[in-house]
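> Go by the hints and put chain B onto chain A.
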Amino acid sequence: MNELIFPGDRSRFFRELNAILTITARDITLALKSPGVLITSFAMPLVMMGMLGGSLAQNMAEGLSFDYGQFMMVGMMVNMLFMATTMGLGSLVEDRMTDFTQEMMVSPVSRYSIVIGKIFGSSFTAVASMCGTIIVGLMMGITLSLGQLLLILALAPLMCLSAGALGMMVIGVVKNTRTANTALMLITMPQMFLSGAIIPIGNSSGILLVLSRLMPMTYCLDLVRAIVYAGTEDYANVVLFDPRVNFVAIAVLTAACLIAGTYLFAQTEKNR
Amino acid sequence: MEAMIAVNELVKQYGKAKEPSVKGVSFTVNEGEFFAFLGPNGAGKTTTISILTTTLSKTSGSVTIAGCDVEKQARLVREKVGIIFQQPSLDPNLTAEENIRFHACLYGMFGYRPSFALMPASYKTRVTELAEIVGIEDALFRPVKKLSGGMQRKLEIIRSLIHTPSVLFLDEPTQGLDAVSRRSLWEYINETRQRYGTTVFLTTHYIDEAEQVDKVCVINQGRIVLSGAPDEIKSSLRKRELILDAEDRGELINELSGMGLFHRVGEHVVVPYQDLSAQEVIARLQTTLTTLKIQEPTLEDAYVEYLLKTGGKAA
Numbered sequence: 001m002n003e004l005i006f007p008g009d010r011s012r013f014f015r016e017l018n019a020i021l022t023i024t025a026r027d028i029t030l031a032l033k034s035p036g037v038l039i040t041s042f043a044m045p046l047v048m049m050g051m052l053g054g055s056l057a058q059n060m061a062e063g064l065s066f067d068y069g070q071f072m073m074v075g076m077m078v079n080m081l082f083m084a085t086t087m088g089l090g091s092l093v094e095d096r097m098t099d100f101t102q103e104m105m106v107s108p109v110s111r112y113s114i115v116i117g118k119i120f121g122s123s124f125t126a127v128a129s130m131c132g133t134i135i136v137g138l139m140m141g142i143t144l145s146l147g148q149l150l151l152i153l154a155l156a157p158l159m160c161l162s163a164g165a166l167g168m169m170v171i172g173v174v175k176n177t178r179t180a181n182t183a184l185m186l187i188t189m190p191q192m193f194l195s196g197a198i199i200p201i202g203n204s205s206g207i208l209l210v211l212s213r214l215m216p217m218t219y220c221l222d223l224v225r226a227i228v229y230a231g232t233e234d235y236a237n238v239v240l241f242d243p244r245v246n247f248v249a250i251a252v253l254t255a256a257c258l259i260a261g262t263y264l265f266a267q268t269e270k271n272r
Numbered sequence: 001m002e003a004m005i006a007v008n009e010l011v012k013q014y015g016k017a018k019e020p021s022v023k024g025v026s027f028t029v030n031e032g033e034f035f036a037f038l039g040p041n042g043a044g045k046t047t048t049i050s051i052l053t054t055t056l057s058k059t060s061g062s063v064t065i066a067g068c069d070v071e072k073q074a075r076l077v078r079e080k081v082g083i084i085f086q087q088p089s090l091d092p093n094l095t096a097e098e099n100i101r102f103h104a105c106l107y108g109m110f111g112y113r114p115s116f117a118l119m120p121a122s123y124k125t126r127v128t129e130l131a132e133i134v135g136i137e138d139a140l141f142r143p144v145k146k147l148s149g150g151m152q153r154k155l156e157i158i159r160s161l162i163h164t165p166s167v168l169f170l171d172e173p174t175q176g177l178d179a180v181s182r183r184s185l186w187e188y189i190n191e192t193r194q195r196y197g198t199t200v201f202l203t204t205h206y207i208d209e210a211e212q213v214d215k216v217c218v219i220n221q222g223r224i225v226l227s228g229a230p231d232e233i234k235s236s237l238r239k240r241e242l243i244l245d246a247e248d249r250g251e252l253i254n255e256l257s258g259m260g261l262f263h264r265v266g267e268h269v270v271v272p273y274q275d276l277s278a279q280e281v282i283a284r285l286q287t288t289l290t291t292l293k294i295q296e297p298t299l300e301d302a303y304v305e306y307l308l309k310t311g312g313k314a315a
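If you read the protein sequences in the order shown, they are chains A and B. Quick note on this note's numbering: the first sequence kicks off at 1 and runs consecutively. Quick note on this note's numbering: the second sequence kicks off at 1 and runs consecutively.
It cannot be assumed that every hint is accurate.
[As the list claims (entries may be wrong)] Using 35 Å as the maximum straight-line C-alpha spacing, the simulated DSBU-like pairs for lysine-lysine come out as follows: (1) A/33 - B/124; (2) B/293 - A/175; (3) B/309 - B/58; (4) B/309 - A/175; (5) B/293 - A/270.
Please keep in mind that the hints were generated in silico from the structure rather than gathered at the bench.
Isolated chain A, as found in the complex (with noise of 0.2 Å):
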């Protein structure tokens, strides 16, 4: 056999970097190829936060006690984040559908890596999507600090681990794209509304509550206004939980939605 660069156990977290690398790096030069799917991305939180989000701004948010601008506008940041990724993850299903996936299948790496790996590699269009919301939120008025929006970015590849080990736990037993179309937006859109991204959910009772307490995006979010609000009047208005919460929270999400969604998907394709 040929010399492998990453031979034997001892490089075997190598190996498996560089294949989620290589699996991140197909989205991506996959995602480059598709101008129209990078245009759509980055065009999106217009509809999303300029009107969706300017429209609650002008109507509904009269008598709160913070500013819903910039509530709003973090929200819209990490739910962009959510909503790219898991959409991003419909791609599987292409690949299930050209038999791509079997290619993956049978290389000698861990199904983890298969599926972090195309997780990072939906995430570059969310990145994407983010800076819109960014630009949009500049056109609004809306601004956060560079120290606030390198924190953000640096928990970005966590919320995207967040969203698409959600995503995968649907995304991994669906066969076709119209399935995952309507599946993406069953995960997608409860989680807009549920999760504090517009709608503040301070006064959330019952199984709405439950729901939101559920969604790691919720954790998410409120992490990100952590960061924003730190050391301001509103923080104590805005943020839900204290940031140590959030962090463990999001990590056993995560870790249990990527489990779950990776035994799916293997066993998904063990039984094709």
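Frame of chain A, contents of chain B only:
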């Protein structure tokens, strides 16, 4: 010789199926051997090959590749095998080279780099060499969706061989290929076998492709119904025929009848023979012949006859 593939009492029962698709199949393939796994549609070939390549779980039995269990040591097995699937599994939106690079990096042969130019010289040389051998060097940087079916198949071959696997699984590799492409593909696979001692596991509906293999196994309705070297299988058929004709065909037929030899008359006169040799039959004939051919049974004849005998349908 060490068994490279060892399958013992393999059973696969799909969830809602009434009976198993594979019913206690056992066989071995030795290191460096060229092995053909034949059978009609739905016989259990693809199910078996999927289990051997770790993409499908088995119900019971044991399967090892190069001594590694396909379920307990799946990653080690995957390192040792190369596969050409029945359905193409290329990314149609990537170029041919990008598909190869994806595979090579996924198998840990090279660290990923975002372009061909940035890849190590050893990668570039190997890809260029392989592309020249199979004749797709001009198509290397074109999107796969713009390549013909034959070129896509050749690309899959390069991809499956770039990590020089110990075992190469070919699941109907020449399906949809023209005669020239088929020939060049087999030339390349034979060269690879000679150079690297690669064990080849082939499934095909073109039985003539299995004429040159070391061992044949025929599966039908989930069971192995026939196995052995192609020559053994053909000789067991005992179906040899003389194809004769003469200007005076009536005289020839009279002579054959007089000798008590069964014959069929169609385009030519066909004389099956078993107890006599062809030499003995011809030596007794006085009529001047215009046509004389000895027809040996092909592997396909043997394959079809056995399937019909065991109640199967030919593919």
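> Would you mind marking each hint as holding or not holding in the structure?
Hints versus structure:
1. Distance restraint check for residue 33 of chain A and residue 124 of chain B: the Cα-Cα separation of roughly 23 Å lies within the 35 Å cut-off, and the hinted pair is therefore satisfied.
2. About 56 Å separates the Cα atoms of residue 293 of chain B and residue 175 of chain A, which puts this hinted pair outside 35 Å; it is violated.
3. Simply put, residue 309 of chain B and residue 58 of chain B have alpha-carbon atoms about 29 Å apart, close enough for the 35 Å limit, and the pair holds.
4. At roughly 40 Å between alpha-carbon atoms, residue 309 of chain B and residue 175 of chain A are farther apart than 35 Å, so this suggested pair is violated.
5. Pair hint residue 293 of chain B plus residue 270 of chain A does not hold up; C-alpha atoms about 52 Å apart against a cutoff of 35 Å.
Comparing the model with each numbered hint stated earlier shows that hints 2, 4 and 5 do not hold.
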